[in-house]
Each structure stands twice: as structure tokens, then as C-alpha cells.
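**Student:** Read off the chains here:
Number of protein chains: 2
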Amino acid sequence: MDRTIDFWFDFSSPYSYIASEWIGALAARHGRRVSWHAILLGVTFQAAELKSPVSHPLKREYSLRDFPRSARYEGLPYRMPPVFPIPTQNAARVFWWLHDTRGAEAAEAWAHAGLRAVFTRGVVLSEAPALRALAAEQGLDADACERVWNDPRWKARLKRANDEAIAAGVFGAPFFVVDGEPFWGNDRRPQIERWLASGPF
Amino acid sequence: MDRTIDFWFDFSSPYSYIASEWIGALAARHGRRVSWHAILLGVTFQAAELKSPVSHPLKREYSLRDFPRSARYEGLPYRMPPVFPIPTQNAARVFWWLHDTRGAEAAEAWAHAGLRAVFTRGVVLSEAPALRALAAEQGLDADACERVWNDPRWKARLKRANDEAIAAGVFGAPFFVVDGEPFWGNDRRPQIERWLASGPF
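Listed in order, the protein sequences are those of chains A and B. Under this note's numbering, think of the first position of the first sequence as 1, with each following residue one higher. Under this note's numbering, think of the first position of the second sequence as 202, with each following residue one higher.
These aren't lab readings, by the way, just hints derived from the structure by calculation. Remember, predicted model here, so these are calculated numbers, not experimental data. Treat the hints with care, as some may be off.
[To be verified] Okay, derived cross-link-like pairs now, SDA-like style, lysine to any residue, Cα gap no bigger than 25 Å in a straight line: (1) Lys252(B) to Phe285(B); (2) Lys252(B) to Ala167(A); (3) Lys51(A) to Phe285(B); (4) Lys155(A) to Ser35(A); (5) Lys51(A) to Ala248(B); (6) Lys356(B) to Glu382(B); (7) Lys252(B) to Pro57(A); (8) Lys356(B) to Gln290(B).
With the rest of the complex left out, here is chain A (with noise of 0.2 Å):
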């Protein structure tokens, strides 16, 4: 049986940036390994017919109330981005560049440089300047990030992991598969910490 956990996340989704915090050490207490996949939840919502809950009267004040208490419940630090949702396609395509061309290493950095840089400091990621400046901290070439998410081969390879995304059942973000058992939402941690540590319930 295949002992991967499949995360797939947002760049710009603040219960995405909480569960990157906690998945990856929640994994190897079990001895599992994490396969990330950055996705753009706006064409999972298409998909699903669904908006973002800032979208919604009501749901947004309570969303943004939600968003840093769900970060400090989990001993995190948080700050809404000062544009906020942002489209992160760029950013998701440099990710699989480094996934398919550096390993899954690289690409893991990278979404975690990418969630805390959005998350914590209020860089706006959407804008090629921000998004170069995040790419040479990282130690990356930000003419070659640059060239990578203008690069049909790259677009395509985003659509691809889109469309996987949507084909496995994904609708939102964060959302993980474990054993072939979906579970969508930071919210999700203690039945996924239950099934980690004593199996399917």
C-alpha cells in the first residue's frame, strides 16, 4: 500500500499555510512522507461550484476572525496579507519546476518560503516584483523563476496537477488523502492524527 500522504494546497489559502506548519512533522511521527501538490483553489471551486468564503455576507467577518485564531490555536504566527484572495498561479508554477526539475525537496521549500512569506510578512505574491524578491532569498535564479511562469510548458504542467486534483475528489484547501481517505480542512488534524495512529475508524 502506498504510505504517501497527498497534501494539496494554495499559495493563498490561510487554513493551507496553518496545516503546512503541522503535516509534515504529523508524518514522520508515523514514519510517512508527505507529497505536496500546490493547486489553485479557484479552479477547484469552479469545479465544485463553490467561492471562497470571503466571497460570502456573514461567512467572511467570521472567516477572518477564524483564519489568525486557527493560526494561534496551532501556536503560529499569522498576519492577513494586505491583498487577500491573490491568484497564485506563478507561484504554484515555479513550485512544480523545482518539484519536476530539483526533487520534491526543493519544491516542499519553496511552498514553504512561498505560505509564510504570504502569511506572515504580507508579501503580496501575485506581483512579479515580490514574487522575484521571495525567489532570490530562496537562493533561486528570478530571471529563470520569471521564464518559468511564463512558460506554456510549466502553465500546462499547473493545469495538469489542477485537473489531478480534481479527479481525485479535491475541492478546497488544504485537503488530504490518507490510505485512499479523503479529508478536506486544517480542521481535519485530529481524525487524521487518529488515523495515522490507529488506523482506519
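Keeping the supplied structure of chain A fixed, place chain B upon it in accordance with the hints.
**Tutor:** Here is chain B on its own, set in the frame of chain A:
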């Protein structure tokens, strides 16, 4: 400060059923009382421009898997009702009639009976004979209950409860307010537990 925990639920909400089984004991452990509010989720959905999770492609399949799993996680019996979701205004009107004429405890007992009937025995509470039978089982006068749910006075009482819920920011169920802080969803249990144990975080 008002130490009462407000708890909004709908008789056709799986996650409300699950939360209804733990909120009382949790509150009691922390010296709190619970104020139960029967509402129509459809009305709050409309206010927030939301739909039932089972109305969405992809999310529907996930939700039908997550409802029973979330019940099992809490160690609760669960059976998916044969008709879902169902209109629950009649059961909710009986709730408010009991609340206003016999007190909060009688209303809470009715809430438990209704939620358990729907989610452990597959009782379709939207059908008058089923609701009458449940009332009789609970020692209530079925004719009186049927008069209540057809009475403009109790229709107005439920409408007021829905309006008050929306005014309080409620857009889904279960929904809780503790010390002025809103928590949405059965999965906010860990945050509510921390709040009750050690205060705001």
C-alpha cells in the same frame, strides 16, 4: 459577563447532531450552561448566499463520507437519513413552543429526541405522521404539536429565531457563541475546549 454558551442547530444538520451530543457535557465541565436555538439552516444559507454541502459537486461525495466518519470519531451512532436534507420548520416550531411554554429543558429534550430520530433511526421529521409519532413517544400531545406547527404565532417565533441568528452572524450550523466569540462547526470543538479551559487565545 454572560457565561451562557449559545448553540444554534437545525434538525436536519448532521454536524449539529454530532455537536448536540457533546456540547452539554463540555459546558457542564466548565460550569457553563447552554442556550439551544433551533433554526432553519436554509434561511441562514440564503442570508450568506450559501448552499448545503451536498448541493455541490465533489463536496457532496466528501460530505456523505465525512458525516458518518465524524460521528464515529466522537463514538456516536449514525445512520444517513433516507431523505436528506429535509425541511425542519415543524420540528423547530415545536421546539420554540416547548421553550417558551415549558422551559429550556423541555425544548432541549425535544431537540435531542429529534436529532437522534433523524440521524440514528432515519425518521423523516418533515412528514407529519413521523413528527406526530415522535411527539407521542416523547410524551407530548400529537394533536397539540400539530396545532403548534400550523399556528402563525409559532411560525413567527421561529422566524424571530432565524432573524436573531442572522443578526448574531450565524451562517451555518452548528454555530456557537462563547463569551461573544463565534465558533462555526462541529470541528471547532478543540478551540471551544481551549477557550473554556484557559480563556481567549
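**Student:** It remains to establish, for every hint, whether it holds in the given structure.
**Tutor:** Cross-check of the supplied hints:
For the hint linking Lys252(B) to Phe285(B), the alpha-carbon distance of about 13 Å falls within 25 Å, and the restraint holds. In summary, the hint linking Lys252(B) to Ala167(A) is supported, as the alpha carbons are separated by about 23 Å, within the 25 Å threshold. This hinted pair checks out: Lys51(A) and Phe285(B) have alpha carbons roughly 23 Å apart, not beyond 25 Å. Using a Cα cut-off of 25 Å, the hinted pair Lys155(A) and Ser35(A) holds, with the two alpha carbons roughly 20 Å apart.
Proximity of Lys51(A) to Ala248(B) is assessed by CA-CA distance (about 15 Å); at most 25 Å being required, the pair is judged to hold. Only pairs whose Cα atoms come within 25 Å are accepted, and Lys356(B) paired with Glu382(B) is rejected, the gap being roughly 29 Å. A distance of roughly 13 Å separates the Cα atoms of Lys252(B) and Pro57(A); the hinted pair therefore holds under the 25 Å criterion. A hinted pair counts as satisfied when its Cα atoms are at most 25 Å apart, and Lys356(B) with Gln290(B) qualifies at roughly 8 Å.
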